[in-house]
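S.K.: Sequence:
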Amino acid sequence: MRRAAPPSRWPNPRLRRTRRLWFRLDRTHPREWSWEPHPRPRWRFDSPSGRYRIRYAASSLRGMLREAFDPERHIPRDALDRWVVAVRLRGPVVDLRTDDTLDALGCDDRINTSREPQIWDYAQRIGDLVWETFESARSGVPGIVYRSRTTPQHNVNVAFFASSLAEVAWVRRLADMPELLDVAIRGDGFTVDLPEEW
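For the sequence shown, the working numbering begins at 1 and goes up steadily by one.
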């Protein structure tokens with residue numbers, strides 16, 4: 001990182017629009033999603049101050065499975081009951097793949113993929129900065145787009161907030177998507193604990 005911490009203010013953030021669908025695998029149906037913040041941050045852009053809840057999605061179904069089940073690439077039988085949720089963001093995004101955004105935030109590309117504790121701490125502070133910058137304007141907090149650690153050639157990820165103007169396009173059980181499971185097995189080397197009736 002080029003700084004010890006992200007800037008305390010971000011006066012002129014450059015945002016981008018995204019029209020694609022994003023895909024999330026979740027134990028909970030989106031009707032029952034809680035936006036209560038985690039008491040302690042768990043993932044890359046979770047709030048270190050406990051002010052918001054964030055969810056993560058991938059730009060492809062393949063990327064979604066890789067993010068959820070790497071490095072083992074094993075889908076246990078109970079995971080087939082999880083929900084595949086397709087989400088569309090109606091608001092803009094902060095794009096951490098662009099040079100100008102990385103420069104403005106004082107970081108480099110490690111912010112996208114590294115799992116080093118100090119990098120995650122920096123990323124979580126960026127989450128706080130994005131939330132603070134836009135929540136005060138009450139204009140909807142943008143999602144944060146970042147490069148995928150598992151499938152960087154084919155996939156990008158997004159972290160989205162409760163007020164990211166996200167709408168659910170469709171929801172299906174993973175068990176009801178045999179074509180996707182077949183692609184995972186044949187194309188990405190997954191093992192899947194299939195029910196006996198399959």
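For the record, the hints were derived by calculation from the structure and aren't laboratory data. Careful: at least some of the hints might be erroneous.
Ranges between beta-carbon positions, derived for each pair [as the list claims (entries may be wrong)]:
(1) Glu132 with Arg31: 27 to 33 angstroms
(2) Arg186 with Ala5: 42 to 48 angstroms
(3) Ala4 with Gly50: 20 to 26 angstroms
(4) Pro195 with Asp109: 39 to 45 angstroms
Glycine residues also receive a C-beta, built at the ideal position from the N, C-alpha and C atoms.
S.K.: Would you say the C-beta atoms of Arg186 and Ala5 sit inside 42 to 48 angstroms of each other?
M.R.: holds, 45 angstroms
S.K.: Does the hinted range 39 to 45 angstroms hold for Pro195 and Asp109 at CB?
M.R.: Once the Cβ atoms are compared, 41 angstroms apart, the range 39 to 45 angstroms for Asp109 and Pro195 holds.
S.K.: With 20 to 26 angstroms as the target window, see if Ala4 and Gly50 comply at their CB atoms.
M.R.: holds, 22 angstroms
S.K.: Just tell me: holds or violated, for the beta carbon distance of Glu132 and Arg31 against 27 to 33 angstroms?
M.R.: Roughly 29 angstroms apart at Cβ, these two residues keep to the hinted range, so it holds.
Checked against the numbered hints listed earlier, the structure breaks none of them; every hint is satisfied.
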